[in-house]
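Modelling step: build the complete structure from the supplied sequences, incorporating the hints.
Heads up: the protein sequence lines correspond to chains A and B, in order. Here my numbering is used: the first sequence runs in plain steps of one and ends on residue 175. Here my numbering is used: the second sequence runs in plain steps of one and ends on residue 152.
Treat the hints as calculated values from the structure; they're not laboratory data. Backbone N, C-alpha and C define an ideal beta-carbon position, used for all residues, glycine too. Take the hints with a grain of salt, since some may be wrong.
[Stated by the list, open to error] Chain B is faced by these chain A residues, among others (derived, beta-carbon under 7 Å): (1) 92; (2) 101; (3) 105; (4) 107; (5) 110; (6) 120; (7) 135; (8) 154; (9) 161; (10) 165; (11) 167.
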Amino acid sequence: GQQVMQIPQYQHVQEGEDFTTYCNSSTTLSNIQWYKQRPGGHPVFLIQLVKSGEVKKQKRLTFQFGEAKKNSSLHITATQTTDVGTYFCAGVNYGGSQGNLIFGKGTKLSVKP
Amino acid sequence: ETGVTQTPRHLVMGMTNKKSLKCEQHLGHNAMYWYKQSAKKPLELMFVYSLEERVENNSVPSRFSPECPNSSHLFLHLHTLQPEDSALYLCASSRGQRSTDTQYFGPGTRLTVL
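In structure tokens form, the structure reads like this:
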């Protein structure tokens, strides 16, 4: 079945350093979504990428969707302690529906002040 | 965020107990979901309801029984659970079932099975 792999599993950075998490799917995706889960919290939707090669920015966060629509990345510039949490990517298989949303295992980010 | 609420927030139960988890969404959405989140595992989709009709059941053991009486409410009935069922159970909703409809999660119920 479809798999969504996410690396790294953990990332520890010093405040001010950059951070990147990568997401790879075994199949072509219709779209990819990114969620953030703070410690003790629940996943919160960040952004959705739909088009091949799409790049979107939210302040210090940059999201990319690969040309083949099988991989994606999230890059945070100059991390802050408020960035702490687990970042999940989630993909819908081409032709699928929301009921087929497959989540990666997530990357847990810790930021040392 | 109060768009999707879940009760209780924490639940401890024995293996012979019967309990129910409740989810309510105030977003006017037509689809609702139950997920299980365990340590070191990806979010596992358990059930999907669209317009109160179950559309997905991902090989979930029968000791978990969902109920969707209307588009705003979703229940997960639990009976004779196992310790390995201890996890965070998350409810989510989306406007519809289109691939581009995003999901809004509730705060979850932290379940411990003794």
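To see whether the hints hold, each was checked on the structure:
Residue-level restraint check for residue 92(A) holds (minimum Cβ-Cβ distance to chain B is 4 Å; threshold 7 Å). Taken as an interface hint, residue 101(A) does not check out: its beta carbon lies about 12 Å from the nearest beta carbon of chain B, beyond 7 Å. Annotation: residue 105(A) was flagged as interfacial toward chain B, and the flag holds, the nearest CB pair being 5 Å apart, inside 7 Å. A distance limit of 7 Å between C-beta atoms decides the matter here; for residue 107(A) the minimum to chain B is near 5 Å, and the interface restraint holds.
Given hint, residue 110(A) at the interface with chain B, holds; its Cβ is 6 Å from that chain's nearest Cβ, closer than 7 Å. Because the smallest distance between the Cβ of residue 120(A) and any Cβ of chain B comes to about 14 Å, over 7 Å, the interface hint for this residue is violated. Taken as an interface hint, residue 135(A) does not check out: its beta carbon lies about 18 Å from the nearest beta carbon of chain B, beyond 7 Å. Contact between residue 154(A) and chain B, as hinted, is supported at the beta carbon level, the nearest pair being about 4 Å apart and thus within 7 Å.
Hint on residue 161(A) holds. Least Cβ distance to chain B is approximately 4 Å, under the 7 Å limit. Checking residue 165(A) against chain B by beta carbon gives a least distance of about 4 Å; that is within 7 Å, so the hint holds. The beta carbon of residue 167(A) comes within 5 Å of a beta carbon in chain B, closer than 7 Å, and the hint placing it at the interface holds.
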